[in-house]
Amino acid sequence: MLAKRIIPCLDVRDGQVVKGVRFRDHRVVGDILELAGRYRDAGADELVFYDITASPQGRSVDRGWVERVARVLDIPFCVAGGIRSVGDAEAVLNAGAEKVSINSPALENPSLIDALARRFGSQCVVVGIDSETTVDGYRVHRYTGDPERAGDAGRDTPSWLQEVQDRGAGEIVLNCMASDGVRRGYDLTQLRAIRAECRVPLVASGGAGSIAHFIDVFRHAGVDAALAASIFHSGELAIPDLKQALRLADIEVRI
Amino acid sequence: MSIVVIDSGGANLASLQYALQRLGADVIVSLETDVIAKADRVLLPGVGAAGAAMTRLRSAGLIPVLRNLRKPLLGICLGMQLLFEHSAEDETDTLDLLAGRVERLPASPALPAPHMGWNTVSARRTEPLLAGLQPTDRCYFVHGYFASGALPDVVATSDYGRSIAAVVRRGHIAGVQFHPERSGAVGATILRNFLNA
Numbered sequence: 001m002l003a004k005r006i007i008p009c010l011d012v013r014d015g016q017v018v019k020g021v022r023f024r025d026h027r028v029v030g031d032i033l034e035l036a037g038r039y040r041d042a043g044a045d046e047l048v049f050y051d052i053t054a055s056p057q058g059r060s061v062d063r064g065w066v067e068r069v070a071r072v073l074d075i076p077f078c079v080a081g082g083i084r085s086v087g088d089a090e091a092v093l094n095a096g097a098e099k100v101s102i103n104s105p106a107l108e109n110p111s112l113i114d115a116l117a118r119r120f121g122s123q124c125v126v127v128g129i130d131s132e133t134t135v136d137g138y139r140v141h142r143y144t145g146d147p148e149r150a151g152d153a154g155r156d157t158p159s160w161l162q163e164v165q166d167r168g169a170g171e172i173v174l175n176c177m178a179s180d181g182v183r184r185g186y187d188l189t190q191l192r193a194i195r196a197e198c199r200v201p202l203v204a205s206g207g208a209g210s211i212a213h214f215i216d217v218f219r220h221a222g223v224d225a226a227l228a229a230s231i232f233h234s235g236e237l238a239i240p241d242l243k244q245a246l247r248l249a250d251i252e253v254r255i
Numbered sequence: 001m002s003i004v005v006i007d008s009g010g011a012n013l014a015s016l017q018y019a020l021q022r023l024g025a026d027v028i029v030s031l032e033t034d035v036i037a038k039a040d041r042v043l044l045p046g047v048g049a050a051g052a053a054m055t056r057l058r059s060a061g062l063i064p065v066l067r068n069l070r071k072p073l074l075g076i077c078l079g080m081q082l083l084f085e086h087s088a089e090d091e092t093d094t095l096d097l098l099a100g101r102v103e104r105l106p107a108s109p110a111l112p113a114p115h116m117g118w119n120t121v122s123a124r125r126t127e128p129l130l131a132g133l134q135p136t137d138r139c140y141f142v143h144g145y146f147a148s149g150a151l152p153d154v155v156a157t158s159d160y161g162r163s164i165a166a167v168v169r170r171g172h173i174a175g176v177q178f179h180p181e182r183s184g185a186v187g188a189t190i191l192r193n194f195l196n197a
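Chains A and B, in that order, give the protein sequences.
Be aware that the first sequence starts at 1, since it is given in the numbering used here, and climbs by one per residue.
Be aware that the second sequence starts at 1, since it is given in the numbering used here, and climbs by one per residue.
Honestly, the hints are just simulated from the structure, not real lab data.
Cβ coordinates follow ideal geometry from the N, Cα and C atoms, glycine included.
Fair warning: there could be bad hints in the mix.
[Claimed, not checked] With the C-beta cut set under 7 Å, the calculated list includes, among others, these residues of chain A facing chain B:
hint, residue
1, Leu2
2, Asp45
3, Ala70
4, Arg71
5, Pro76
6, Val182
7, Arg199
8, Ser234
[Stated by the list, open to error] To give a feel for the contact side, a few chain A residues facing chain B, derived at Cβ under 10 Å:
hint, residue
9, Gln165
10, Glu171
11, Glu197
12, Leu202
13, Arg254
From just these sequences and the hints, can you work out the full model?
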């Protein structure tokens, strides 16, 4: 049976792994290769490297580290940040990344999703959606890495989800913004609603603060994977302990 | 020993090359018929679409070369699917080295497609590629098309709402649906088994 995936997310800025709270006030937490190796050894199923500065500044991700990571890492990893063309994606994939994840550039130019899926196959194309619960329902936000430009993207989350799937997205990372970095648990209500409309793998993001939160999101939201950052980077939760607890809760994991 | 990875234009060339290098292998990435025909081990990777991959192999003159290989060949992911007769992806006639057709995985919220993640592999019979593996070991899969686990040359299957061909073999022709280059220590064992075959 397919295992549920645990995915540490490493936010990268200027070649260092950083972490902020609610997307702001980033502090350095370590070196990319060192953290990648440590998470691989701990049993991470996959890693996401998110260049949080690349997209708002309109530049592409610095690819030097992608190749260095690919040479040492024997588990899949995804690169996000500033991928705004087929050429950008090709460079990252050729350097050895398994997938690329696009967020704000997909909102600016939705046909980029079609172009990437056609060229590389849907399985390489992850679409990240930053979604906020508002009085008008779930709303998509853009440029969330940049406090100056961040804001409502003018779309509601369910219709954007439908569109990106139709255009060929092979996986969705749903980041529930009110939950991100505050560690009170994943937004189960929103994730369940999105799961019911999502026919590609769905990754929960934002809010993990304890082992119980991971058990809840797999049990009650039916997601394929759970992504988290600070709870792992702080050393508060070790992946082997998390996986043992998930297994005891009868959730299929890779140990 | 010459180990050649066919430059099939897919996106996992680099990760496969690095995985083989981690095992100490000297790897050549090539699309040249004479290099591939003379190789001791040939790997056919592939990420992308069946139609584009076959066009690339055909225009490089590689189809007769692959059909006449006598040395071990390992197809990976799309590379494994190309070993069959036909793929529903782009309705493409493929290499026809193994009997059977590749179908599209239906997608639903209960069983999303692509089939993405770490799954177990159950051997139907003794398979040298899987030597040293435990039944609980997992490999990393990412695919939206599949060959049925019921086909005659399937030697190991995975379960994803149906039986999926995970490892195939007919003589010196073998293939794996998962990505050994991204399957941690388990994948490294499989690649080492292939190099030592």
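A quick look at each hint next to the structure:
1. The interface hint given for leucine 2 (chain A) is met, as the beta carbon of that residue sits about 5 Å from the closest beta carbon of chain B, less than 7 Å.
2. Checking aspartate 45 (chain A) against chain B by beta carbon gives a least distance of about 6 Å; that is within 7 Å, so the hint holds.
3. Hint status for alanine 70 (chain A) relative to chain B: holds, with the closest Cβ pair at about 6 Å, below 7 Å.
4. For arginine 71 (chain A), the interface hint holds, the least distance from its beta-carbon to any beta-carbon of chain B being 5 Å, beneath 7 Å.
5. Because the closest C-beta pair between proline 76 (chain A) and chain B is about 5 Å apart, less than 7 Å, the hint holds.
6. With a cut of 7 Å, the hint placing valine 182 (chain A) at the interface with chain B is violated, because the nearest CB-to-CB distance is about 28 Å.
7. Residue-level restraint check for arginine 199 (chain A) holds (minimum Cβ-Cβ distance to chain B is 4 Å; threshold 7 Å).
8. Taking 7 Å as the C-beta contact cut-off toward chain B, the hint placing serine 234 (chain A) at the interface is violated, the least distance being around 25 Å.
9. A distance limit of 10 Å between C-beta atoms decides the matter here; for glutamine 165 (chain A) the minimum to chain B is near 9 Å, and the interface restraint holds.
10. For glutamate 171 (chain A), the interface hint holds, since its Cβ comes within 10 Å of a Cβ in chain B; the closest pair sits about 6 Å apart.
11. The restraint placing glutamate 197 (chain A) at the interface with chain B holds, with a minimum CB-CB distance near 7 Å, inside the 10 Å limit.
12. Taken as an interface hint, leucine 202 (chain A) checks out: its beta carbon lies about 7 Å from the nearest beta carbon of chain B, inside 10 Å.
13. For the restraint placing arginine 254 (chain A) at the interface with chain B, the shortest Cβ-Cβ distance is roughly 4 Å, inside the 10 Å limit, so the hint holds.
When the structure is compared with the earlier hints, violations turn up for hints 6 and 8 and for no others.
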